[in-house]
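Line by line, the protein sequences give chains A and B.
Counting in my numbering, the first sequence runs from 51 upward without gaps.
Counting in my numbering, the second sequence runs from 51 upward without gaps.
Quick caveat, the hints were computed from the structure, so don't treat them as lab data.
Check the hints yourself; a few may be wrong.
Copies of the same chain look alike in the list, so a pair counts if it works inside one copy or between any two.
To be verified - Heads up, simulated DSS-like pairs for lysine-lysine below, C-alpha to C-alpha not over 27 Å straight-line:
1. Lys82 to Lys494
2. Lys117 to Lys149
3. Lys82 to Lys422
4. Lys96 to Lys431
From a predicted model like this one, the values you see are computed outputs, not experimental measurements.
Number of protein chains: 2
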Amino acid sequence: MAEKSLSIKEGLDPLFNPRSVAVIGATNQWSKWGFSTYMSMLDGYKGKLYPINNKEDNVLGHRTYKKITDIPDKEPVDLAVFVIPAESIPAVMEECVVKGVRAGVIISAGFAEIGEEGKKLQDKVLNIAREGNIRFIGPNCMGFWSASSNTRAFMFPLTVCDGPFAFVSQGGNVGAIVVQGAYSMGMGFHRYVSCGCTADIQIEDYIEHFGNDPAVEVILAYIEGLNDGQRFIEKVRCVSEKKPVIVLKPGKTEAASRAILSHSGAMAGSSEIYGSAFKEAGVIRVDTADDLLDVAIGFKTQPLPRGKNVGIITPGGSYGVMSADACASLDLNVIRLSEETINQFDKIFPPRWSHGNPVDPAGDRNFIAYLKAPELLLKLKELDSLIFMGFDSFSYFASMFASMNENFTKTFEQLIQSLYTLVPTGALEEGQDNNSWMGQVVEKVIEIFFSLFGTAEREEGEVFAGKLISIIKSGEASSDLTKKLHEVVTSSSEKNGDESGEAFVRVFNPLMQALILNWIEIYGKPVLTTTFLGSAQSVSDIGYYAYSSSEQAAKVIAKLIEYREYLERKNVENA
Amino acid sequence: MAEKSLSIKEGLDPLFNPRSVAVIGATNQWSKWGFSTYMSMLDGYKGKLYPINNKEDNVLGHRTYKKITDIPDKEPVDLAVFVIPAESIPAVMEECVVKGVRAGVIISAGFAEIGEEGKKLQDKVLNIAREGNIRFIGPNCMGFWSASSNTRAFMFPLTVCDGPFAFVSQGGNVGAIVVQGAYSMGMGFHRYVSCGCTADIQIEDYIEHFGNDPAVEVILAYIEGLNDGQRFIEKVRCVSEKKPVIVLKPGKTEAASRAILSHSGAMAGSSEIYGSAFKEAGVIRVDTADDLLDVAIGFKTQPLPRGKNVGIITPGGSYGVMSADACASLDLNVIRLSEETINQFDKIFPPRWSHGNPVDPAGDRNFIAYLKAPELLLKLKELDSLIFMGFDSFSYFASMFASMNENFTKTFEQLIQSLYTLVPTGALEEGQDNNSWMGQVVEKVIEIFFSLFGTAEREEGEVFAGKLISIIKSGEASSDLTKKLHEVVTSSSEKNGDESGEAFVRVFNPLMQALILNWIEIYGKPVLTTTFLGSAQSVSDIGYYAYSSSEQAAKVIAKLIEYREYLERKNVENA
Chain A
51 MAEKSLSIKE GLDPLFNPRS VAVIGATNQW SKWGFSTYMS MLDGYKGKLY
101 PINNKEDNVL GHRTYKKITD IPDKEPVDLA VFVIPAESIP AVMEECVVKG
151 VRAGVIISAG FAEIGEEGKK LQDKVLNIAR EGNIRFIGPN CMGFWSASSN
201 TRAFMFPLTV CDGPFAFVSQ GGNVGAIVVQ GAYSMGMGFH RYVSCGCTAD
251 IQIEDYIEHF GNDPAVEVIL AYIEGLNDGQ RFIEKVRCVS EKKPVIVLKP
301 GKTEAASRAI LSHSGAMAGS SEIYGSAFKE AGVIRVDTAD DLLDVAIGFK
351 TQPLPRGKNV GIITPGGSYG VMSADACASL DLNVIRLSEE TINQFDKIFP
401 PRWSHGNPVD PAGDRNFIAY LKAPELLLKL KELDSLIFMG FDSFSYFASM
451 FASMNENFTK TFEQLIQSLY TLVPTGALEE GQDNNSWMGQ VVEKVIEIFF
501 SLFGTAEREE GEVFAGKLIS IIKSGEASSD LTKKLHEVVT SSSEKNGDES
551 GEAFVRVFNP LMQALILNWI EIYGKPVLTT TFLGSAQSVS DIGYYAYSSS
601 EQAAKVIAKL IEYREYLERK NVENA
Chain B
51 MAEKSLSIKE GLDPLFNPRS VAVIGATNQW SKWGFSTYMS MLDGYKGKLY
101 PINNKEDNVL GHRTYKKITD IPDKEPVDLA VFVIPAESIP AVMEECVVKG
151 VRAGVIISAG FAEIGEEGKK LQDKVLNIAR EGNIRFIGPN CMGFWSASSN
201 TRAFMFPLTV CDGPFAFVSQ GGNVGAIVVQ GAYSMGMGFH RYVSCGCTAD
251 IQIEDYIEHF GNDPAVEVIL AYIEGLNDGQ RFIEKVRCVS EKKPVIVLKP
301 GKTEAASRAI LSHSGAMAGS SEIYGSAFKE AGVIRVDTAD DLLDVAIGFK
351 TQPLPRGKNV GIITPGGSYG VMSADACASL DLNVIRLSEE TINQFDKIFP
401 PRWSHGNPVD PAGDRNFIAY LKAPELLLKL KELDSLIFMG FDSFSYFASM
451 FASMNENFTK TFEQLIQSLY TLVPTGALEE GQDNNSWMGQ VVEKVIEIFF
501 SLFGTAEREE GEVFAGKLIS IIKSGEASSD LTKKLHEVVT SSSEKNGDES
551 GEAFVRVFNP LMQALILNWI EIYGKPVLTT TFLGSAQSVS DIGYYAYSSS
601 EQAAKVIAKL IEYREYLERK NVENA
């Protein structure tokens, strides 16, 4: 495929930051995609919006134009969204050229994916657009989202927010599941493109564009087939040196290849060929939509591990077994503990602890000991990553115990009350010293925890509280973390009258999460946590994320290592 | 291991249906497991409950006994729950023998899993119990749940309800994640045992017991290691001929084997040896906790497929590709469609449809056509199973569209209002003819759907409504299904004042689900549905379940086939 006449920077800017948009096929008939697409554009877009319909006078009360060329000359249109039958698109594209439109997105289907005739139609549209200097997404796609212009040029109002990811998907449904899954976890996308048949802009063009955008930290792609593998390798190689590119690629089987041809019109190619092309391009390949998102979050939240040695800390033996199995199956090395390290764990855990890695205190309820365990492993030179399982179990039990018994609930409510009185009311002033009350909050939280799991020594608790306070006092922790933590504690204490176990957990959890994030910072090693009961987790207000299982955590670590090894090979080559 | 003196029936009945229970180690100190275990027993158990504590006079206001032998002779104790330090258990077990206790559960850890010394202690306890005719669970476990006696002899108040499953788990955490995961999906357990070190009752004993219990339909197990593989094969073989036994077995790697030894004290054995033992025993092996539950639900809700030929219907191309890939990877055959079948789909779908399997209408919004598609495949002799993806997308969009626009919402509310007026208020009498109003409800629902996705012919809609009505009139559908559907529609219409899109979906979804369940009944083939946006689904009020992805659905079909093939081999052998 020949290089386009416009560079990707020039070509894609009017697409992602259009000053004005025409929706061709906007309609009041809610049985048509033109209705929901126009609704979607109305949702948040701030520029000038033109519904185009040659039969209806207005759409949802907005005046329509019969043709895009009917819009007055002094009102230019940057982007045209096509939601009209395929066969009418060439003529309308001609009109767009006349109007001076600079970018398009063709949602309509009925092109290359339906065979020879559709391919001809697609080439016709492509030629008109090229000659008229219009770059376009699709055809046969769901549309796109651009956070910088709040543009939802999508088939239906997509639930999405801004964030550090960018995503190009050759499948609308797989794209939607990832984007909406991320949204429900509190993660967002700077750009999301459902790219369809990629007649004009190719997958590697989007990736190149995302690579040059400083707002994008991690790039995701769902790829069914490429039009030009060599071009993909060349373009993506330059990107993957700067930021991770994670790709979900189906088509390992003949049945899938057949399905791909009828869907995106792409040749699936053999899985091996793609495997080696991706390797050359430095792409991280994953197998499921869940993995795509979990690995992306891993790249966003964790540093790259130096090697394959992992430690595991588990609240129960069977979790440890499953976790060790998952790690070893992915060629991670579940390290053996030295005599010296075992001795150190002997000091904090009861004699029945597992005496090995996975480290399992076997039902011990001293939560301070459990929170001491990670550092005993993280400080080891030979350890590269840590899986810290179910540390939220303590807050789970705290909340459960608090609701179990009347006397207990009463004591607990009083403790929560006294916790809230420590937090100043109203907005805090810039520069005010908040450390003293935050310190008191932490001490009180530890005291509450003692009342629930009070098997540690009093002194042990004080030392631990001191550690948390020092994080909050922004000695060790980044100011960003401290600031977020501060906001969370303040906003939680403002919810007066709620003295339940849940209220406690709202203050307790971010304090504990801050500890984890702080370890990641201090030791420069990945610390992946998992939830106690395996439910999907949201990215918390302070930027913490827990995986649903150790299998997922192990997969993520393996991919982080894969990327680090790629960068190392690259560095050797470039040296 | 020698056969026990008591048969499993005699031995396990006092365990699962105790008339009275002593909690040895019950305490007011909420920092101890004895507190939460006693709380857990208080939750629902109807028999006589005795807290035993030699230091505290009462626990949560209930009078304690210092020793179990202090309980008056005329008050026998069936079950003893041990939550005291390991070293004190032999003496207390002696007292239990004196008292005439018949069953025990030793939650306490510190036995075989900690090494030689612990093994000696365990053997000592075992001998005392054997001589005293006490069968026991554990040690080193979380306890158990028995629905028939509402007994929660568990370390903490477990969220669980009655249901068709029985589950023995050699890991408390893996057990809890499955049980609580099932609960959140509306599925329950007749029995759940966290079996720990299996000093006395072996995993195969529980499975044998579950096998003989008519209330149990599907058996689940998490196994780290077996004490006697041959005994397992002999006992479980007899069970698996009657009902499916699904096993999660970790320990494929050396790292996991090490972890198993320190957790349950079991020898993991080589994965291959277990593989062939399980095969001989007719066990269905799975790899993750999610799979354990999804496969169990599959066995509960689907018939066994006759062969490996699958059809796939998808609301979008990329889902179809992922689905075909998942099926083919598991050695399922994604069938090619005959000329004749393609012609039939040509009649209901627009020309851009995929023209093959996976069947993809490529964004067509005629939901009646989409709901006609399954039968075009199910009626094919060569088809054995169907994956029907994202058919809930229509209700998703209906609900979304309804909230998008003011005019639309208004029209919609009026339609919902008119729907509700069709449903008789108050309780329905036995024998009353409810078919006429149910028929009107269905017609109205279809009318509402037309207003949203009105691309089908009016007549088409009427035929479809007629079909639904005939199901409700219990001609084709089982009376059980009809009754449940009736309850759901009635209870939904009673929520007056809620006229949102969600209210519509509450009536619409069960009607559609009834259609699916009816197909399973008529064609005798598995029809596995998947949710549109991949979130975990609950088992609905009428007994319908949708998988989170086609990968999960394909896995389940593969396991159903594996079990059918096992039964066929058995039949040949037994013939």
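Pop the pair Lys82 and Lys494 into one bin, within, between, both or neither, using alpha-carbon distances up to 27 Å.
between (58 Å within a copy, 21 Å between copies)
Go through the copies and call it for Lys117 and Lys149: within, between, both or neither, with a Cα cutoff of 27 Å.
The answer is within: 10 Å in one copy meets 27 Å, while 93 Å across copies does not.
Cα distance capped at 27 Å. Does Lys82 pair with Lys422 within a copy, between copies, both, or neither?
The answer is between: 20 Å across copies meets 27 Å, while 59 Å in one copy does not.
State whether the alpha carbon distance between Lys96 and Lys431 is at most 27 Å within one copy, between copies, both, or neither.
neither (53 Å within a copy, 56 Å between copies)
In terms of the numbered hints stated before, the structure departs from hint 4 and from no other.
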